[in-house]
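So the sequences go chain by chain: L and X. Just so you know, we're using our numbering here: the first sequence kicks off at 1 and counts up by one. Just so you know, we're using our numbering here: the second sequence kicks off at 1 and counts up by one.
Treat each hint with caution, since some may be false.
[To be verified] Derived Cβ-Cβ restraints for the label pairs, each shown as a range:
id, chain 1, residue 1, chain 2, residue 2, range
1, X, Ala95, L, Asp129, 38 to 44 Å
2, X, Val230, L, Pro86, 26 to 32 Å
3, L, Ala49, X, Ala135, 40 to 46 Å
4, L, Leu161, X, Pro68, 37 to 43 Å
5, L, Pro96, X, Phe82, 32 to 38 Å
6, L, Gly70, X, Asp160, 26 to 32 Å
7, L, Val99, X, Thr153, 23 to 29 Å
[Said to hold, decoys possible] Listing some non-contacts, in silico: residues in chain X with all C-beta distances to chain L over 12 Å:
id, residue
8, Glu32
9, Ala72
10, Thr88
11, Val136
12, Pro166
13, Val214
14, Glu215
15, Ala216
16, Ala254
Everything labelled a hint here was simulated from the structure, so no lab data went into it. On a predicted model such as this, the values are computed, not experimentally measured, just so you know. Don't be surprised by glycine CBs; every beta carbon is placed ideally from N, CA and C.
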Amino acid sequence: MIRFLARRVLQGLLVVWLITLVLFGMFFVAPSNVAQTLGGRQATPTTIALINQRLGLDRPLWQQYLSFVGNALHGDLGYDYYKQIPVTSIIADALPKTVSIAVGAAVIWMLLGVSNGVLSAVRPRSFTDRGLTVFALFFYSMPTFLLGLLLLYYLYFQLTLVGIRIFPAGGYVDLSTSFGGWVQHLILPWITVALVSAAAYTRLTRTSMLEVLGEDYIRTARSKGISERRVVLRHGLRSALTPVVTQFGIDVATLLSGVIVTETVFSIDGIGRTAVVAITQQDQPVIIGVVLLGTVAVVVANIVVDVGYAVLDPRVRLN
Amino acid sequence: MTIDVGRRDAGGPEDGLAVPAATELAGESRIEGRSPWQLAWERLRRDRVAVVSLVVIVLILLLALGAPLVAAAVGHGPDEQFRDIGLTPQGLPKAPSRTFLLGTDDLGRDLLVRIVYGSRISLLVGVVSTLLAVAVGVLVGVVAGYLGGLVDTVLARLIDLVLSVPFLLAGIAIVSISGPSLTVTVVVIAFFAWSSIARIVRGQVLSIREREYVEAARSLGASDWRIMVVDVLPNVLAPVIVYTTLLIPSSIVAESTLSFLGLGVPPPTPTWGGMLDSSLGYYRFAWWYLLFPGLALLVTTLAFNLFGDGVRDAFDPRTDRLFAAESTTAPVDE
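The task is simple: from the sequences and hints, build the whole structure.
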């Protein structure tokens, strides 16, 4: 177990390191003209050189890279070009919002996806199964941002027009300020991210569950006289969940993408919106920090999922 | 997902003789050899949902090709701004009327014409980036799976690496450097899509490599390249086709998402994502501005997903379909 973990962590670090190389490589191919932007149209070459010097952009790229890695190892990701705020504090500001959306959405989508999948599998071809299939199909084809816009239009705007003000237009209230406000502001973003992914999970759980329910040990369990409910939930679901968990590990990257878009729709200043703004301003330290953070999140999630297998399915050996 | 029917002998028509067991079972007097491709085509033709989606796709394609005709018919160009008749006195978009069938946008442009032109970008990016991704993915997958050894180790690591990068974040980083454009959009989408195809193809090739006919080709002195192209490639085509049809809608979604974030095809080129982005500021006054481009996007992705699901089912009737309206493993023979 420990050897397995160590190997996975090393592999993960390798990926993260490669990403830093790729990021710097890209900036080498297309150097930033941020000094021009900062200096304005009137800037003389001297001013631009001065700005570049202050930002450390006049050094050769490999020096910039080494000092970035050195600082990053000390938990310093540099300063943003415009306001001179540490990238780490920008991230610390934005992260709780993004995590709030991601975790809440993931919980809803797993609950919805797995329970719908089980419902479908217990009575295949039934009316429930068909209905859930249509539901899944519809949301599977729905781009996340479009769903967000539609929710905003119908659940915020139309409801507000008739005097029902349950859902806000967007924004974010911190959990420590008000739990109710937190939930109220996040409920539409959660649904937005969750519904699109839940669709695929419904089908995945259904397939996997149908397969498991056909196995011998399920027949054995039934013949022992265990209630059907217990057979499905205790004996069946447990092993049916393995492929679902695998897929979830793969989908953490997708989850991040969904959250970025959702933040834009609901005007929440999380990591995603920070990234989009940084792009438009060519704010390299912020871009690097955010992409790095995203990669680390995906790598960690994959390790957690691998360990999760062993917990769910005792047949899996970690080696 | 494994696709056995197509893999068995996607090659020549003479291989088709291996399959007609179904025909015999059906008790038909006329026994006819059919290749798996023919079988798949027959199954697809019989799948009502798939046929309807294909019709919808063809219609969208025709609209995209005939966009200039639509523009000429209503007499409004895609970028033409009707600030006098296309905007309300307050400067807001105008509701659907006889002049503007689907209303206007915030600059007084005809929404119908822009939506029709937008389909060109969606289809173009969706198809081109998918083909690019498939070409790279198949090449990498076949080479890695067939050659094995160090080549495979390196390529497999590369595939894992690309798969572990969050698409949108990395896409954003790339666009930040190059600036948004049509080409960049296509390349970014293809860059992150090839890896999943490569992984599937590699897995298939790993088992094909051990087959007798590959060994036979090798013992006859065929070169590695020849074996890869002549013996291996045709046998991975079925899963590749299935994934290609399913990759197109997700590329369309990716394009519209990038355009929505202002990182895709830049304005004034009409894109559905871009239109939805600008509608965000106006949906309180102009429902049509949000709903019509949204509907166009949803219908397109829905049609492609349904069709792709039908194609998957046609090639491998045993797999659980993602979205079967009816269990369509109908017998192929009448």
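> Which of the listed hints are not met by the structure?
Replying inline: 2, 5, 7, 12 and 16
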